[in-house]
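Asks: One-letter residues, chain by chain:
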Amino acid sequence: METRDLKRVVQKATKGDEGAAATLFDLYYPRVYRYALVKLRHQADAEDVAAETFAKVLRELKRFKWQGGGFEAWLFRIASNVVVDQQRRSSRERVVDTGVEPARGPDDETPEQIAVDRERAKRLGAMVEQLSDDQRDVIALRFGAGLTSQETARVMDRKPNAIRQLQFRALATLRDRTDESERLS
Amino acid sequence: MRNAPEDALDRVLSGGDDADPLVNDLAVVAGDLKAMINEHGSPSGSHERVVFVQGMGAQGHSPSPWRFVGPAAVVVSLLALLGFVSHSAIPGQALYPVRRIMSSIGLAESPLHEADRRIGSVEAAVQTAEEVEADWPSEADDLAVRGITGLSLARELLEDVGSPQASTRLEQIEGLEARAKGVIVRVNPDVGDKEEKKIKAKKHTGAKSSDKKNGSEDANKDAQKGSGNGAGDPEASGNEPDATPNEGQHDEGPDGNGQGVDVQGDQPGANVQGNNVNDDTSRRSGSSGGDQRDGSVHDRRQRSDSEGQGAVRRVLQKVLRKKGPDKN
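Chains as they are written, first to last, in the numbering used here: chain A, 3 to 187; chain B, 14 to 341.
Check the hints yourself; a few may be wrong.
Claimed, not checked - Subject to a maximum C-alpha distance of 25 Å in a straight line, what follows is the list of computed DSS-like cross-link-like pairs (lysine-lysine):
1. A:K17 - A:K58
2. A:K64 - A:K9
3. A:K161 - A:K67
4. A:K161 - B:K47
5. A:K17 - A:K64
6. A:K124 - B:K47
Claimed, not checked - Pair ranges (Cβ atoms, derived):
7. A:R91 - B:P18: 38 to 48 Å
8. B:V89 - A:S92: 52 to 62 Å
9. A:P162 - B:V89: 43 to 53 Å
10. B:L35 - A:K161: 15 to 25 Å
11. A:A57 - B:A32: 40 to 50 Å
12. B:S117 - A:T5: 54 to 64 Å
Derived by calculation from the structure, the hints in this document are not laboratory data.
Note that beta-carbon positions come from the ideal geometry of N, C-alpha and C, so glycine has one too.
Okay, chain A solo, but in the shape it has when bound (with noise of 0.2 Å):
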């Protein structure tokens, strides 16, 4: 969606449009659900982070003003700061962290298939988990909330030039452990 559109979307929701509320759900829910998996490598956590973002968005929404940032920034500002409070939460709840859980897969998956899934689920995590937390940000605002370099580096409040050259070393970092690891199997 361009930003002009995004835009008038934004502010029919602010209004009380309904259509424009379900279209912005619609839109940014399993990109915040994403952002959170990433970040949280876990399932469960990851949906209350979502569900708790589009809480505060409510609340919040009336208040906002389209500035720099943009609704994305200002949408997933709010959903780090929910991820840093379901981290401090988690990690008194929890003591060790089993990486990503894979979704409940098709009725029709077979037991190897979901044996690989969770193989693959875990080396995902232990590889992201290797990385720095601005190299996991860039990575979940990147590819788990399918934002672009520049609207990261509005999320994170850094320059587009930094945010690549995080995003290029994580990968690299990624790819190396990548190579290790099938290299030691």
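Chain A is fixed; fit chain B onto it per the hints.
Replies: Same frame as chain A, but now just chain B:
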């Protein structure tokens, strides 16, 4: 900067191409990563969706109370300003209806209340005048005249109210006016005699005066004599060049005691009334003012003029005119 591998990778991830094998390797890793993330799918969030959509809809229908603060402040300010500028309006003034409305909602003093206040103030002034008239006649005279002025304003307010309460107060005003007039007459004992003499003199000389070809000549004379109100003198008001009245008719007022003296040329083409004929106050003052006034009254009128107390002078003239019957 555009050729840096970081920029090239970003360009490839955005759908572009690059020949650098490293960049392409990393783009493959990114693709795998995206696929793995998306493999997990995403919850429908159907419950959250309903809450969010309906919540946004409800917010749109419940406007913030703060949005009314600005307009309300403007309205209150305007009402306050209107109340301030109209709080002392009297019947006949443009803002008087506003004052009535404001007083009906308690934002301005009601005419009845203001009349009460004025009556109370005049009552005290008349009381004081009566007490001091023997020792300080001049001050007592001033107090009485000011009291009558205040009563005239109160009367205007009450006449507009027009309720049974107002009629009670009007009677009270009549009583106070009589007391104030009594003070004026007592401290100016010669004024009543002069007034009576003037009326009689006019009856005798009216015809001669109206025979004059140009009535304005008399008016000029009166004015030069220091009446300060020559235009209001019926004798001086025949200022039409073609006015040739053969006989001036002197009419007394309905009470037949000298009140409301009119001097009218009743011959065709005669016009000795002048432009002030409709101005009852001026006409009456003309019959009682002018060169026939004794020194003290004349001085007082001049003082009133100099002080810009037109209302006081008007009332004084009215009182002096009415003083004849009181004396009788």
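Asks: Do V89 (chain B) and S92 (chain A) keep their Cβ atoms within the hinted range of 52 to 62 Å?
Replies: 53 Å, holds
Asks: Given the proposed pairing of K17 (chain A) with K58 (chain A), does the C-alpha separation stay at or below 25 Å?
Replies: 17 Å, holds
Asks: Does K124 (chain A) pair with K47 (chain B) here, judged by a C-alpha cut-off of 25 Å?
Replies: 15 Å, holds
Asks: Can you confirm whether the C-alpha distance between K161 (chain A) and K47 (chain B) stays at or below 25 Å?
Replies: 23 Å, holds
Asks: Has the given pair, K17 (chain A) with K64 (chain A), been kept, meaning a C-alpha gap of at most 25 Å?
Replies: 8 Å, holds
Asks: Please test the hint of 38 to 48 Å on the beta carbon pair from R91 (chain A) and P18 (chain B).
Replies: Once the Cβ atoms are compared, 39 Å apart, the range 38 to 48 Å for P18 (chain B) and R91 (chain A) holds.
Asks: Taking 15 to 25 Å as the stated bounds, is the beta-carbon spacing between L35 (chain B) and K161 (chain A) within them?
Replies: Since the Cβ atoms of L35 (chain B) and K161 (chain A) sit about 23 Å apart, the hinted range of 15 to 25 Å holds.
Asks: Is 43 to 53 Å a correct range for the gap between the Cβ atoms of P162 (chain A) and V89 (chain B)?
Replies: Given about 51 Å between the Cβ atoms, the range holds.
Asks: May I ask you to test the hint 40 to 50 Å on the CB atoms belonging to A57 (chain A) and A32 (chain B)?
Replies: 48 Å, holds
Asks: Regarding the pair K161 (chain A) and K67 (chain A), is the alpha-carbon distance no greater than 25 Å?
Replies: 22 Å, holds
Asks: Between the alpha carbons of K64 (chain A) and K9 (chain A), is the straight-line distance 25 Å or under?
Replies: 14 Å, holds
Asks: Indicate whether the distance between the beta carbons of S117 (chain B) and T5 (chain A) respects the range 54 to 64 Å.
Replies: Hint holds: Cβ distance 56 Å, inside 54 to 64 Å.
Comparing the model with each numbered hint stated earlier shows that all of them hold.
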